[in-house]
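These protein sequence lines are chains H and R, in that order.
When we follow the numbering used here, the leftmost residue of the first sequence carries the number 1, and every step to the right adds one.
When we follow the numbering used here, the leftmost residue of the second sequence carries the number 1, and every step to the right adds one.
Do not rely on the hints blindly, as some may be mistaken.
[As the list claims (entries may be wrong)] Think about it this way: if two alpha-carbon atoms lie no more than 30 Å apart in a straight line, the pair counts; the simulated DSSO-like pairs of lysine-lysine are: (1) R:Lys10 - R:Lys209; (2) R:Lys10 - H:Lys292; (3) R:Lys6 - R:Lys188; (4) R:Lys211 - R:Lys10; (5) R:Lys41 - R:Lys188; (6) H:Lys7 - R:Lys116.
[Stated by the list, open to error] Here are some chain R residues pointing at chain H (derived, C-beta under 7 Å): (7) Tyr26; (8) Val113; (9) Ile123; (10) Phe131; (11) Gly292.
[Claimed, not checked] Sample of chain H residues lacking proximity to chain R, with all beta carbon distances greater than 10 Å (derived): (12) Arg47; (13) Gln125; (14) Asn152; (15) Leu208; (16) Pro214; (17) Gly232; (18) Phe263.
None of these hints come from the bench; they were simulated from the model.
For glycine and all other residues, C-beta sits at the position ideal for the given N, C-alpha and C.
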Amino acid sequence: MKERLIKVYQGFGLPRLIISAFLLVLILVAAGTELSVAGLLSDSLVRIGQNGIYVLAMVPSIQAGVGLNFGLPVGVIAGMVGVLVAMENSLLGFGGFIVALLVAIPLGIIAGYLYSLLLNRVVGQEMMVGTYVGFSVVAGMCIFWLMAPFKNPALIWPVGGQGLRVTLTLSDTFGGTLNKFLPFQIFGLSIPTGLLLFYAFLAFLLWLFLRSKPGVAMEVVGRNPRFAVAAGLNINAYRSLGVVLSTVLAAIGYVVYAQSFGFAQLYNGPLMTAFPAVAAVLIGGASTSQAKVVNAIIGVVLFQTLLTVAMPVTNVLIEGNISEIARVIVSNAMILYALTRVTGGEQA
Amino acid sequence: MNQVKKFVSKNAVPILFAIVCLLGVYYAEMPGQFLLMEIVKRMARNSFLVLSLIIPVVAGMGLNFGIVLGALAGQIALILSTHWEWAGIGGLGLTALLATPLAALFGFLAGMVLNKAKGREMITGMVMGFFANGVYQFIFLFLVGTLIPFDNPTLRISTSPGLRNTVNLSRLRGVLDNVWTVQYGFTKIPIVTFMVIALLAVAIWAFFKTKLGQDFRAVGQDRHIAGVAGIQTDRNRILAIVFSTVLAAWGQIIFLQNIGTLNTYNSHEQVGTFAIAALLIGGASVTRATIGQALMGTFLFHLLFVVSPSAGQAIFGSAQVGEYFRVFVAYGIIAISLALHAWRSKSLSKVSMEEDVTA
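Pulled out of the complex, with its shape left as it was, chain R reads as follows (with noise of 0.2 Å):
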């Protein structure tokens, strides 16, 4: 009975969504074989984006707003493949190394800003994302087809500068979730993109078995601390950034290729909201993370963006009030989380300064 209750309080997040998802279900009566084959769909094309956001939560530096800048990385490559015609899963291969540099070089930069925004990186992290893309708005409507020669009729329409608002990725679509796929029923299971996410979680978890991955875990634990045993926090922290940047631009590629189609200027806007909010879903915060909780997070977020305009029809005669309801849930729970974190963190640091004023 203890160990239940245990159970519960410390799963009370996942356990309260499965339930509000089990009802959705429940008044949304879709069938079975749909709603399969949207979660299968969606686990596919997500499970990574939300899986690169583990490795700051684990450094200490709170959920990572700044992926954003790893979908653009992510995003510029495919438009380059696009343009030099690269198709097949070796094309995205080559489209995934492409990326790799770029966003290892925003992910430094990005490092280096939020080390000087200690204890503010969420915050400067989302901003830096914005900013990000104001930059890449401004390269690719307005310098592209100006200052940058480029006059790809796939890409531009030539009266006007700048690319196209839609790029169809024809060459790459569904080519790593076509390379093995089974079929269940009307359900397509791309085996190979689950094995990359598989992969990438093993990846994750033999990780932090290395001596970086417990030093990253160190600095996350305790900066002081870990400077004082001779840990370079800040190259650790920027470090931390250029992985989830690099994974998080693979994962937009992989995204991507199952969409088939890329809104250049929407497509990655709001990637870290809908990333973040699936993570602590799961039942992760600000200080912790796992693998078990990104993909039970990815599940049952994506279960929800489902089953909400129909059960939003069926309850309120409205399906618009579900979608909107979903929105509401991925803003609400990512404000619920940092409020309770910020909360039980002043709660420690009251205590401290209590001992300061008596001391």
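Excised from the complex, chain H in its bound form (with noise of 0.2 Å):
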């Protein structure tokens, strides 16, 4: 007996155990308070759908042996000029949806092989480089939408008829679209069914990604390049591969995003969208050079679900929102404890 609660112990790791135990203890909280635990319940599903891809997009370039990327804004962009342009064309429902994504994914695959080219060439370094370029990628995006040719009056600023807002609501075009496909209730509990569903089909898909012969060959690109050398693979195409996934995987994420959030955040909106994402497949289990897509899954639950409970039942007990608080500690903390684990530094 005793082993066996050892051995799930050491499956399931210390943090993870500390985390849900956490948020046990803060369910236990809600349920004693007037707040309804089945409608905090609810809205981390909601937040988990919306956050998911994001961390599935850790997966792919911590297995090519990249790292975490930290350039996710990358792709976000790309994401955004997808469901800018189905706004600026005023598509409704699916439609809109799904004409997002086509402009996003191909601009992510040009995006992601492109800051591949990159990382490719600071290889040990690609974490820094990648935090600093998806940073210049935003500001330098803050331009872009100020001088876009976007026409559309309810994207662009009133008076000039220049410049996209800060804010832009997908409410009348195709937010919610997912997240309104199919909805049930089920004890009190709402689900999101479209973006639920939508999420295990992407993370499906790359968990058989991952067991395919690129896939694998990827994983060993990752985990030792000097045999797969030997092996005859090339390891920059397959790094590449990696990177490319992950960006296509931020842009969809960031379609999914906006329509569930209902809102879309221009300018320095994406600047931080890395770190929650790298907090979550690292509280998942990850490690900086090892992930698989059920650290994603289990990372995106914990965290989503303790930043969403957290929120109200600090507000109960203590006033302001601690919530916020709550995401940059707990996330940092995360980083900080996977970047100082591994002790692999002899590479000055």
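Assemble the dimeric complex from its two separately framed chains, guided by the hints.
Here it is as structure tokens:
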């Protein structure tokens, strides 16, 4: 019995155990107040589906040996352009959602490929370079949003006829397309079926890919580049594949995020998107050199539920919005833990 | 001729930025007096912070994104000094004194963490800054006024926990700058502030002549060889971060006494990014930084900052373009020099790897 418990403990890992226990305490506290636990969990489900794809995006880049993809905004921007093109043409419902994806995915492939060419030249420093490439792309795109040739009056500033607004609402175009697809209620929980199905579908595709021949080859490149060379694999090609996949997932992730959230926040909105996603995959048990789809799923479920439940509960107990600060502390503590755990650094 | 070529290739980044700045100045069409006033003010404000980055670079730890921790220590000291109503130049000195052990402690902890993340110091330092920011907000937004009793109406609104968003540093505003100013046109030149900056520059220069400074340099050049030569590399690395953090705390105090208001929850956020961008624009790299580069970079970066809104207005018809452009430059220059650094060191390691394979 004891050994079995230890085995379960080792498989699950201490960080997840602590967070699960904390989550349980929060939910019990919530049950003791006038808060609706079912409502909190319903919100969590939406947040999980909304952020899940960003976390999935971490898996291919880690597996390809590129590490945590701090350059997530590169893909997010591609997704934004997709969403904006669909909105510019006032496409409604699924039509808008699909057009947004059709624009976002090729842009994501191109941007991801260019980004991977850079990352292949900065082996060992991908995380730091990626972070600042992401920041630069977001800052550079701020100029683009100001000058972009969008004409739809719903998108641009009423005065001047140029420049996109800071926050755009998707409610009259394709906001909630996935979330409102076949929703149902069970035990007072409302299930955003379409959103969760789409997320599960992508997770399944990624899982399938990682088991395919190119997926395994990519993993070999990530684990042991020298062996990969000896086996005749083109390291840079597989690293690029991982980065492109990650970037495309980020682009899709943005389209899904925007339709679920109901707003598109331009300009500095996507600046910090990478950090919660990085933290979530690490909370799920991934390391900087190894990640599975299941890590991404566990991670996003724990992290987003924690954040969703923590805010109303702490609001009842103490004043003020602690959720944002909790997010900052938990996510950065998790990233620090992962960065210091592997003493990989005899590479000065 | 050859010498000119060598000079240009060695200083490509500052020359490029000088050209961008000159174009900006040309298009912005700002009155020279105004430009001078802004630049003097900003140089006085920021130079100390930028100089605080030099020591870790020389010790081989890259750009210290963790100076945010030092800035936080400075701010905590400023909050306390406002609470105790310290005033004048003596009050400022006491504040700096109060910040020192705090910053040294933060630097020590940061150095310990960075020793566990060798080769990843910069990203770790950056995340550490974010983490410290979270803890700082947690303390001053939630614990103060609830768990920590603190009832000063100038710092808190009694109805909700946490400090005010802005703290007026009226007792310390400009106390260092105004000790001795020289008026030139509209520009007040804060001589004493510049003397402090010069003193720091000389101190850093002198420090690298000492035994400890030479040890830092040795550790920075090659950790293994330094270790074999009997230098305690880990201890030296921690010390380098402690120095940098303490200097950053003082730098933040100088910065805020010039501004005169503390944005409790935002003043420190961009400290690392902007100081590092300034250092890099001066021509420094991840492995090499000098005092001249730091001062030159501060000058160019802030010149760009001052002129870009007006230049954006003149060139693109929108001041906002200029504002986004300068942020883009700050992030972009960091991205480019990090990439260049990694690119170069990779081609070095590739050579050694090929040797391995053939051996």
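Violating hint indices (sorted, rising)
2, 3, 7, 11 and 13
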